[in-house]
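Next come the chains, spelled out residue by residue.
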Amino acid sequence: DAGITQSPRHKVTETGTPVTLRCHQTENHRYMYWYRQDPGHGLRLIHYSYGVKDTDKGEVSDGYSVSRSKTEDFLLTLESATSSQTSVYFCAISESLAGRPGEQFFGPGTRLTVL
Amino acid sequence: AQSVAQPEDQVNVAEGNPLTVKCTYSVSGNPYLFWYVQYPNRGLQFLLKYITGDNLVKGSYGFEAEFNKSQTSFHLKKPSALVSDSALYFCAVRVRMDSSYKLIFGSGTRLLVRP
Chain A
25 DAGITQSPRH
35 KVTETGTPVT
45 LRCHQTENHR
55 YMYWYRQDPG
65 HGLRLIHYSY
75 GVKDTDKGEV
85 SDGYSVSRSK
95 TEDFLLTLES
105 ATSSQTSVYF
115 CAISESLAGR
125 PGEQFFGPGT
135 RLTVL
Chain B
660 AQSVAQPEDQ
670 VNVAEGNPLT
680 VKCTYSVSGN
690 PYLFWYVQYP
700 NRGLQFLLKY
710 ITGDNLVKGS
720 YGFEAEFNKS
730 QTSFHLKKPS
740 ALVSDSALYF
750 CAVRVRMDSS
760 YKLIFGSGTR
770 LLVRP
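Taken in order, these protein sequences are the chains called A and B. The first sequence lines up with residues 25 to 139 when you count with my numbering. The second sequence lines up with residues 660 to 774 when you count with my numbering.
Just to be clear, a hint being listed does not mean it is correct.
[To be verified] The following label-pair restraints were derived from C-beta to C-beta distances:
hint: 1; chain 1: A; residue 1: S108; chain 2: B; residue 2: K736; range: 34 to 40 Å
hint: 2; chain 1: A; residue 1: S120; chain 2: B; residue 2: P774; range: 41 to 47 Å
hint: 3; chain 1: B; residue 1: R701; chain 2: A; residue 2: T110; range: 16 to 22 Å
hint: 4; chain 1: A; residue 1: T37; chain 2: B; residue 2: R701; range: 22 to 28 Å
hint: 5; chain 1: B; residue 1: I710; chain 2: A; residue 2: K77; range: 42 to 48 Å
hint: 6; chain 1: A; residue 1: T37; chain 2: B; residue 2: M756; range: 26 to 32 Å
hint: 7; chain 1: B; residue 1: R755; chain 2: A; residue 2: G27; range: 34 to 40 Å
hint: 8; chain 1: B; residue 1: G721; chain 2: A; residue 2: T44; range: 37 to 43 Å
hint: 9; chain 1: A; residue 1: T37; chain 2: B; residue 2: P738; range: 43 to 49 Å
hint: 10; chain 1: B; residue 1: M756; chain 2: A; residue 2: L99; range: 29 to 35 Å
hint: 11; chain 1: B; residue 1: P774; chain 2: A; residue 2: V76; range: 46 to 52 Å
hint: 12; chain 1: A; residue 1: T44; chain 2: B; residue 2: R769; range: 28 to 34 Å
hint: 13; chain 1: B; residue 1: I710; chain 2: A; residue 2: G64; range: 37 to 43 Å
None of these hints come from the bench; they were simulated from the model. This one's a predicted model, so the numbers in the text were calculated from it and none came from an experiment. All C-beta atoms in this analysis are idealised placements derived from N, C-alpha and C, irrespective of residue type, glycine included.
Hey, can you work out the whole structure from these sequences and the hints?
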């Protein structure tokens, strides 16, 4: 999985609790992304990062925040988890090719269940 | 709106027969198109991409895809299917964002290859 790990791989939590998912890469790629995968929707972008401390929103960012304090780590936080955030979360990375992102490579995913 | 459509939720094919998984897109400008495959409980794996040039793109595991600009399609093909090709396939198009690019995914097509 292209030097990408995600932790935890599985988590069950209760509504209203904070949750942080971690993505760690060993490829030194500039770009990092968080997606969620839900049946019938494919993958949808939550947030992305184009450098250390440089992040921006994707198409389904409500209820999520991110941080990237170093190149290798990209954290996704659910401030107060809701049942609608039950999903499989994927991190992806891509390198910079002539200043633009190359193809994305995905981590193994985190299955989150919010009860 | 920029989008990707995979019109078939599932494709069934017998082992040894050719397979096609359909994808159509709607983007402004020249499209950068991708195919990914997802095996159970795994992240997405990159199969192939079209950036420019030859309309027939060859990728991993014997897959290829044909870009057709007039029909705005990018169908995935393989001359002879294997049982091990059974998986979930996603088509994606790269679109420009403010600070980076993102992938817009289709909803996925499940390929089932019968022995």
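request  = Look at the Cβ atoms of P774 (chain B) and V76 (chain A) and judge whether their distance stays inside 46 to 52 Å.
outcome  = holds (50 Å)
- So does I710 (chain B) sit 42 to 48 Å from K77 (chain A), Cβ to Cβ? violated (30 Å)
Handout entry: Range hint compliance [Cβ, T37 (chain A) to M756 (chain B), 26 to 32 Å]
Key = The hint (26 to 32 Å, Cβ to Cβ) holds, given that T37 (chain A) and M756 (chain B) are roughly 30 Å apart.
**Asked** Do the beta carbons of R701 (chain B) and T110 (chain A) sit within 16 to 22 Å of each other?
**Response** holds (20 Å)
For the hint 41 to 47 Å, verify it against the beta carbon of S120 (chain A) and that of P774 (chain B).
holds (44 Å)
So does T44 (chain A) sit 28 to 34 Å from R769 (chain B), Cβ to Cβ?
-> For T44 (chain A) and R769 (chain B) the Cβ distance comes to about 32 Å; the hint holds.
Please check whether R755 (chain B) and G27 (chain A) have a Cβ separation lying inside 34 to 40 Å.
violated (27 Å)
Practice item. For the range 29 to 35 Å, tell me whether the beta carbons of M756 (chain B) and L99 (chain A) fit it or not. Key: Between M756 (chain B) and L99 (chain A), where Cβ atoms are some 20 Å apart, the hint is violated.
- Should the hint that T37 (chain A) and P738 (chain B) are 43 to 49 Å apart at their CB atoms be regarded as holding? holds (47 Å)
*Using the Cβ atoms, figure out if G721 (chain B) sits within 37 to 43 Å of T44 (chain A).*
holds (40 Å)
_If I claimed the Cβ atoms of I710 (chain B) and G64 (chain A) lie 37 to 43 Å apart, would that claim hold in this structure?_
violated (29 Å)
Can the suggested window of 34 to 40 Å be confirmed for the beta-carbon pair S108 (chain A) and K736 (chain B)? holds (37 Å)
Consistency note: the structure conflicts with the earlier hints numbered 5, 7, 10 and 13.
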